[in-house]
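Student: What follows is each chain in one-letter form.
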Amino acid sequence: MTAVWPHLPALQVVIPLIGALVAGLLRRGGVAFVLATAVSWTMPLIAGALLWQVLQTGPISYHLGGWQPPWGIEYRIDVLNGFVLVLVSVIGAVIMPYARLSLAFEIDERNQAWTYCMYLLCLTGLLGITVTGDAFNAFVFLEISSLSTYVLIALGRDRRALLSAFQYLIMGTIGATFYVIGIGLLYLVTGTLNMADLAGRLGPAWPEHSRAIVAGATFIVVGLGLKLALFPLHFWLPGAYAYAPSWVTAFLSATATKVAIYLLVRFLFSIFGVAFDTSGLPIAAMILGLSVAAMVIASFIAVFETDLKRMLAYSSVAQIGYITLGIGLANEAGLTGGLVHVVNHALLKATLFLAAGAFFYRAHTVQLQDLSGIGRRMPLTAAAFTIAGFGLVGTPGTVGFISKWYLVIGALDHSWWFVVVFIVVSSVIALVYVGRVLEIVWLRAPSSQCAEAGDPPASMLLPILALAAATIYFGLETEWTARVVETATDMLLGRLR
Amino acid sequence: MTSLIAPESLIGIAILAPFAGALLIPAFRRHPNLREAVTLASAVVLCLSVAALLPGVLAGARPDLQVLDVVPGLSLAFKVEPLGMLFALVAASLWVVNSLYSIGYMRTNSEPRQTGFYVCFAVALGSTIGLAFARNLFTLFLFYEALTIATYPLVTHKLDHQAVRAGRLYLLLLLGSSLLLFLPAIVVTWMLAGTLDFTPGGILGGKADAPLLTLLLALYIFGVGKAAVMPMHFWLPAAMVAPTPVSALLHAVAVVKAGVFTILKVVMLIFGIETLSLAGQSLWLTVIAGTTIIVASVIALAQDNLKRRLAYSTISQLSYVVLGAAILTPISLVGAALHIAAHAVGKITLFFAAGSIHTAAHLTQVSQLDGLGRRMPWTMGAFAIGALAMIGVPPTAGFLGKWFIMTAAVQTSNWLAVAVICTSTILTAGYFLPIVYRAFFRAPPSAHDARHVVGEAPWPIVLALTVTAAATLLLFIWPEIPFRLATSMIGS
Numbered sequence: 001m002t003a004v005w006p007h008l009p010a011l012q013v014v015i016p017l018i019g020a021l022v023a024g025l026l027r028r029g030g031v032a033f034v035l036a037t038a039v040s041w042t043m044p045l046i047a048g049a050l051l052w053q054v055l056q057t058g059p060i061s062y063h064l065g066g067w068q069p070p071w072g073i074e075y076r077i078d079v080l081n082g083f084v085l086v087l088v089s090v091i092g093a094v095i096m097p098y099a100r101l102s103l104a105f106e107i108d109e110r111n112q113a114w115t116y117c118m119y120l121l122c123l124t125g126l127l128g129i130t131v132t133g134d135a136f137n138a139f140v141f142l143e144i145s146s147l148s149t150y151v152l153i154a155l156g157r158d159r160r161a162l163l164s165a166f167q168y169l170i171m172g173t174i175g176a177t178f179y180v181i182g183i184g185l186l187y188l189v190t191g192t193l194n195m196a197d198l199a200g201r202l203g204p205a206w207p208e209h210s211r212a213i214v215a216g217a218t219f220i221v222v223g224l225g226l227k228l229a230l231f232p233l234h235f236w237l238p239g240a241y242a243y244a245p246s247w248v249t250a251f252l253s254a255t256a257t258k259v260a261i262y263l264l265v266r267f268l269f270s271i272f273g274v275a276f277d278t279s280g281l282p283i284a285a286m287i288l289g290l291s292v293a294a295m296v297i298a299s300f301i302a303v304f305e306t307d308l309k310r311m312l313a314y315s316s317v318a319q320i321g322y323i324t325l326g327i328g329l330a331n332e333a334g335l336t337g338g339l340v341h342v343v344n345h346a347l348l349k350a351t352l353f354l355a356a357g358a359f360f361y362r363a364h365t366v367q368l369q370d371l372s373g374i375g376r377r378m379p380l381t382a383a384a385f386t387i388a389g390f391g392l393v394g395t396p397g398t399v400g401f402i403s404k405w406y407l408v409i410g411a412l413d414h415s416w417w418f419v420v421v422f423i424v425v426s427s428v429i430a431l432v433y434v435g436r437v438l439e440i441v442w443l444r445a446p447s448s449q450c451a452e453a454g455d456p457p458a459s460m461l462l463p464i465l466a467l468a469a470a471t472i473y474f475g476l477e478t479e480w481t482a483r484v485v486e487t488a489t490d491m492l493l494g495r496l497r
Numbered sequence: 498m499t500s501l502i503a504p505e506s507l508i509g510i511a512i513l514a515p516f517a518g519a520l521l522i523p524a525f526r527r528h529p530n531l532r533e534a535v536t537l538a539s540a541v542v543l544c545l546s547v548a549a550l551l552p553g554v555l556a557g558a559r560p561d562l563q564v565l566d567v568v569p570g571l572s573l574a575f576k577v578e579p580l581g582m583l584f585a586l587v588a589a590s591l592w593v594v595n596s597l598y599s600i601g602y603m604r605t606n607s608e609p610r611q612t613g614f615y616v617c618f619a620v621a622l623g624s625t626i627g628l629a630f631a632r633n634l635f636t637l638f639l640f641y642e643a644l645t646i647a648t649y650p651l652v653t654h655k656l657d658h659q660a661v662r663a664g665r666l667y668l669l670l671l672l673g674s675s676l677l678l679f680l681p682a683i684v685v686t687w688m689l690a691g692t693l694d695f696t697p698g699g700i701l702g703g704k705a706d707a708p709l710l711t712l713l714l715a716l717y718i719f720g721v722g723k724a725a726v727m728p729m730h731f732w733l734p735a736a737m738v739a740p741t742p743v744s745a746l747l748h749a750v751a752v753v754k755a756g757v758f759t760i761l762k763v764v765m766l767i768f769g770i771e772t773l774s775l776a777g778q779s780l781w782l783t784v785i786a787g788t789t790i791i792v793a794s795v796i797a798l799a800q801d802n803l804k805r806r807l808a809y810s811t812i813s814q815l816s817y818v819v820l821g822a823a824i825l826t827p828i829s830l831v832g833a834a835l836h837i838a839a840h841a842v843g844k845i846t847l848f849f850a851a852g853s854i855h856t857a858a859h860l861t862q863v864s865q866l867d868g869l870g871r872r873m874p875w876t877m878g879a880f881a882i883g884a885l886a887m888i889g890v891p892p893t894a895g896f897l898g899k900w901f902i903m904t905a906a907v908q909t910s911n912w913l914a915v916a917v918i919c920t921s922t923i924l925t926a927g928y929f930l931p932i933v934y935r936a937f938f939r940a941p942p943s944a945h946d947a948r949h950v951v952g953e954a955p956w957p958i959v960l961a962l963t964v965t966a967a968a969t970l971l972l973f974i975w976p977e978i979p980f981r982l983a984t985s986m987i988g989s
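Sequences listed follow chains E and L, in order.
Residue 334 in the working numbering sits at position 334 of the first sequence, with consecutive numbering throughout.
Adding 497 to a residue's 1-based position in the second sequence gives its number in the working numbering.
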């Protein structure tokens, strides 16, 4: 144990990477599933140990291959990314049992081992982006996760999945290119890629190279904005989420955009914010405006969607707006609200997409019209959907309320009443689209598609119920969400210039 | 019993009993008798534990129960104070009677989905008790929203087009108003005062200037949609598509009283009546409440559907409580508190009677009730008592609250309030007395005779409405407990 302990940061990435390699050599889906499960269940242990260590003794710096930073690649873990590591790995572990039956139903047998391989690669990429302290290394992991995501989406049985994957490929590549251009500009100015080193060197370079730095920052923000589906750069998201296999959608919605958000926060608050005074740049105002637009417009679009998964996808765009709103508010309560919504939204959307996948598994459709009355046939699944739905609305007693509470306080701390108005208006629109589904699911007579349906087998049902329970638990007990996030927020804001 | 169980545990038992019932009811879905026994048992347990808390509260104790801190400033905590005690007492005791009534009503009318009905009912009652005992605004808000969500399936119980539409309006108006107005009001309160605890004398004294206070108070008055202050009242008449026991206990007692109870608590314990009267908030609040009272009464005059007429009457009567708060004196608050109890027993009697008429004679319109008093003397007798309580004449409980509100209005020379009360008394008499007159003094139309011969409704229904009618009278003769609770509420 003592030999392994110092190398946990590397193991966090290396284990899923090796897992992916082995899974790629396997033929049988079942074997690959066992392997993926083993890896997924190991990840939270490592992430938890890392976060615990950070909370006890402060940030961890791990030098890959023994090379000293800033020359070698540094893995640097503080409260913020330790927390994101736990989130990503726990979500992956909890939804893993769901994968077997759902994928067996939605994907051809010959592609199954391949799916688990891609999933493990994606997990590698996401955990890598989070754990690394090197801006270029983050790009490499970003590409690993993106490329595997394109494949995962394209594996959806609906032929539109191919188009969506292609669309995402184009958009994602543009985003990644923008990001790497930005990194290149910063590298030209500072000669370093290490994030902490960048933060130290950008400040002295600012008077002379402010234009290059601003251009670099812009490329990075826009590039990451594409990856995290910041409105109006969200076009790839609804199609990708709607036509990817159900379990993949649940995993991506809970983790992929969240990791991109983490990276944006890292750049804004740990690099640019530390290096120079960002208040002269319109970044916060721009993010604020786009977030508000996302919250209202994307929610509004969701009201008119006829496909449950597309509706949830637009809801995701809106909910990402809440998170970026917190980033734009950039004060203690606001940032806490935004970051805690990263977790809260991950829990809510994972529940909702898994429930939608269970509907698909039983009724073979996610068209709202055809889901009439399915609540009577699949009461537990629909109950979990209902709980998470009210979470989206922000009902007290669910996680959604906690996020909203902090965000409203954050807006009022600035005395920005209009932001409060937008927050509550978007909640009411969420009530409309959630209420519409609840009405169809619970109050209509069961349609012919749902006549034979029933709650799915335990391996699918338990993850759904566990996540739904978590949305209530963390709505009442925030020791492990909001309190940890507050520590991270203090750290981020405390170092701002 | 008080000595056997600590008051803190009694609070827990009271809140958990209905929820435990809700969990147990589905287990007995194949055995209707056992299932109803679970409902009755949890109602009785709730009622006993609330009653056991009463002597202590009357003696000045304020037992509390801290459950957990959600985030700094938001804690889930309960504290029994006199007004909450009064509300809980009314809701808990009427749930016992209402359960009896429900059993008679649901079985006689062969309503579908009865298991779900009883589950939602129990959750709604548990939420009501949680709301009544809430120690701070957050806890109150939590149960306020839970109450809306738990009653939504009850409103849509029939699942037909009309019920679904009513449910949509119900959810949108109640949850929507609470999200748009009530929640921001709570956050602003927290930012101004740094606490959300209900505190005698209020927590906002000296923390905000008059315009902000006006805005905040308006957010509360209109954000608490359950109080049905116009124009937030549309959900209530629509909700009448629900089975009558729901209209009776929830939309005449628990849900709507939760609304006016919240407003009373906010006015008394968040703002503080002195802060509000110093800031000159009485007038506009009087205008809002008075308008609702008069307009709803006028609309009620024109309703032929009995339940809709009762619904508009409820809207009008609820604003009496708001009016009591608007006058901003201790005496008017006593009146408002008494009116919560008095209107509850009176209105539930009226709804029980309406349901009884529906069950026994299959009549729903006022114009069909000619001569019904001879066929259903118990039902129509109880109806007459309930009607008198609404008008506010002795010897019914309705007189008490009105008397105190009127006294306070005269004392503070609030002539607008006096005029509203007088006018509305005449209007209320105008829409209730004709029903009583029809039932007892007009001859039954011969065409309807065949449908009338059935006589009274089944015994659980008749028993329930007799008990509440008797309570309406008893509360006038022996108002000691509500009166003592109301006076200790204002601290004298």
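One or more of the hints may lead you astray.
If you only want the chain E side, here are some residues facing chain L, beta carbon under 8 Å, derived [unchecked claim]:
1) Trp-405
2) Leu-476
3) Trp-480
4) Ala-482
Here are the simulated distance ranges between beta carbons [to be verified]:
5) L/Pro-931 / E/His-364: 57 to 67 Å
6) L/Asn-530 / E/Leu-163: 51 to 61 Å
7) E/Trp-52 / L/Gln-563: 24 to 34 Å
8) E/His-364 / L/Asp-801: 40 to 50 Å
9) L/Val-541 / E/Phe-418: 49 to 59 Å
10) E/Leu-188 / L/Gln-563: 41 to 51 Å
A few chain L positions that, by computed beta-carbon distances, are all more than 12 Å from chain E [claimed, not checked]:
11) Ser-506
12) Ala-524
13) Thr-636
14) Arg-662
15) Ser-674
16) Ser-675
17) Val-684
18) Gly-769
19) Met-903
20) Gln-908
21) Thr-963
If you are wondering where the hints come from, they were derived from the structure by calculation, not from laboratory data.
Here the structure is a predicted model, which means the values were calculated and not measured.
Backbone N, C-alpha and C fix where the C-beta goes; we use that ideal spot for every residue, glycine too.
Student: Tell me, in ascending order, the numbers of any earlier hints that this structure violates.
Tutor: 3, 10, 13, 14, 15, 16, 17
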